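K.L.:
So you can see what is in the structure, the chains are spelled out below.
Protein chains: 2
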Amino acid sequence: MEHCSRSIGIFDSGLGGLTVMRQILEELPQESITYFGDTARVPYGNKSSDTILKYSIENSNFLIQKEVKALVVACNTASAYSLEHLQETFSIPVVGVIEPGVERALEATHNGHIAVLGTEGTIRSGAYQKQFARMKSGIQVTTIECPLFVPLVEEHFLSHPATKMIVKEYLAPLKGAGVDTVLLGCTHYPLLRSFIEEELGDDVTVIDSASSCSQKLRSILGEASLLANQNVIPKLQYYVSDDANRFKERAQEFLETSIDEVRTQCFGVNVE
Amino acid sequence: MEHCSRSIGIFDSGLGGLTVMRQILEELPQESITYFGDTARVPYGNKSSDTILKYSIENSNFLIQKEVKALVVACNTASAYSLEHLQETFSIPVVGVIEPGVERALEATHNGHIAVLGTEGTIRSGAYQKQFARMKSGIQVTTIECPLFVPLVEEHFLSHPATKMIVKEYLAPLKGAGVDTVLLGCTHYPLLRSFIEEELGDDVTVIDSASSCSQKLRSILGEASLLANQNVIPKLQYYVSDDANRFKERAQEFLETSIDEVRTQCFGVNVE
Chain A
591 MEHCSRSIGI FDSGLGGLTV MRQILEELPQ ESITYFGDTA RVPYGNKSSD TILKYSIENS
651 NFLIQKEVKA LVVACNTASA YSLEHLQETF SIPVVGVIEP GVERALEATH NGHIAVLGTE
711 GTIRSGAYQK QFARMKSGIQ VTTIECPLFV PLVEEHFLSH PATKMIVKEY LAPLKGAGVD
771 TVLLGCTHYP LLRSFIEEEL GDDVTVIDSA SSCSQKLRSI LGEASLLANQ NVIPKLQYYV
831 SDDANRFKER AQEFLETSID EVRTQCFGVN VE
Chain B
591 MEHCSRSIGI FDSGLGGLTV MRQILEELPQ ESITYFGDTA RVPYGNKSSD TILKYSIENS
651 NFLIQKEVKA LVVACNTASA YSLEHLQETF SIPVVGVIEP GVERALEATH NGHIAVLGTE
711 GTIRSGAYQK QFARMKSGIQ VTTIECPLFV PLVEEHFLSH PATKMIVKEY LAPLKGAGVD
771 TVLLGCTHYP LLRSFIEEEL GDDVTVIDSA SSCSQKLRSI LGEASLLANQ NVIPKLQYYV
831 SDDANRFKER AQEFLETSID EVRTQCFGVN VE
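From first to last, the protein sequence lines are chains A and B. Residue 724 in my numbering is what sits at position 134 of the first sequence, and the numbering runs on without skipping anything. Residue 623 in my numbering is what sits at position 33 of the second sequence, and the numbering runs on without skipping anything.
So that you can see chain A by itself, here it is in the shape it has in the complex:
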């Protein structure tokens, strides 16, 4: 197969990476995509760095076997703990969600005070803080752990008053803190964007790493001459590590499209 007609591999702990996939479909509609959701081990945000690294390597090896031409780590926690390792290990381009998000936040900020919302794992990894420091000096970064956002999204409590209350509580430290830009450091969080924006008010710009990631991917594929031909019909394939039906149902709703098949790929579990 010609390299450029191979698919883009995306992995996430579950559904959240579909926000990234949706942006990639919009930005690069001619590309084929192989998506892997690690639904047998979701969520990643409250697990340790070693465990996340192991899971990320397994997920990547699976996609590499599917001959993907590039790898998108569509999960902030996995990006935080595994991106460098994956970039060193594999010869194809590997794109995470942290660096693109940080780039966009730096473009957006006027006063240099940026807040990052993320899971416990992402925030405690220090990956965002390090990336900001690497790209620009003098930026003040405020981080906020929002561990309940992922379960609220997974359970469709998207516009529920309890969710609004929890958003209010998590964002309380930002009141009067002088932050002008807020980076959504988890691929689930764009689904709570309206509550977050409402709570922050009009003076704060909310940046979503999903869209920055797809722009980054486009430029990397372009530079490596790996963009798909316009005349190829793109193919979308979905794999999960558990409960394909549940994923299919939610993914169809989420991507607003019909999905033919979601296949199951188990690994790491040997029964007797």
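Take these hints with a grain of salt, some might be off.
One copy or two, it doesn't matter: identical chains are merged, so the pair holds either way.
[As the list claims (entries may be wrong)] Only pairs whose alpha carbons sit at most 30 Å apart, straight line, appear in this in silico DSBU-like list of lysine-lysine: (1) Lys838 to Lys825; (2) Lys838 to Lys720; (3) Lys765 to Lys754; (4) Lys825 to Lys758; (5) Lys758 to Lys656.
Everything labelled a hint here was simulated from the structure, so no lab data went into it. These numbers were taken from a predicted model, which means no experiment stands behind them.
Position chain B against the provided structure of chain A, taking the given hints into account.
P.N.:
Just chain B now, kept in the frame of chain A:
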């Protein structure tokens, strides 16, 4: 080692089983316990039956290697999907949380209309419905999935107004339904007991499967002459599959005792 001085093995997907352990410590203070929390793969409630069965077998094999004299499946979802298999596979007594909870609920009900609250996995397994039917005819069982209760407990939102709001919403179908007994079909739920009781009012009895399980265990160990001698100093050991420090911190708080060591046992994940 004499059989009766061996420890009782308990496993759960994470922290929730500690509500069962606490009851066992109270009911059987002379017993040694080996606890395993599968924190690398928590939660179980939204995963498939096959995956839960595999995880349960792995957890049990680990405890069997530790020479436990009995096995407690301190997780309702795991009990629902694996108890029969584990009882057939192992020669030591295996106790779940479903049957003891059902027994207690049947003792408590006057009008024969009982509600069971549980995770998606537990409720959809039909395990409670089947157990009620097996033990008594003519019982009306209303089941309610409460998928957000586990994350709310794990994140310490125990007395938060958002939690109260979510409890209210999940329990709304019980208003005026004529239920006189509510069974907490998840080991995390006793931590939300006060909100649940407040919402249900004084006329409804709330049953907690943790305490029924420890009573069942006591009688099974007694019948099998496996109760520990009074003059042996009991030993409590803790293992998790991920992030021992985080578990230690929360478990100490939860059991209101100090824990010397939590050890890590990984399985099922092979890196490269």
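K.L.:
Each hint: holds or not?
P.N.:
Now the hints, each set against the structure:
1. Lys838 to Lys825: within (16 Å within a copy, 47 Å between copies)
2. Lys838 to Lys720: between (36 Å within a copy, 29 Å between copies)
3. Lys765 to Lys754: Result: close both inside a copy and across copies, 16 Å intra and 25 Å inter.
4. Lys825 to Lys758: neither (41 Å within a copy, 45 Å between copies)
5. Lys758 to Lys656: neither (43 Å within a copy, 47 Å between copies)
Hints 4, 5, counting from the list given before, are not met by this structure.
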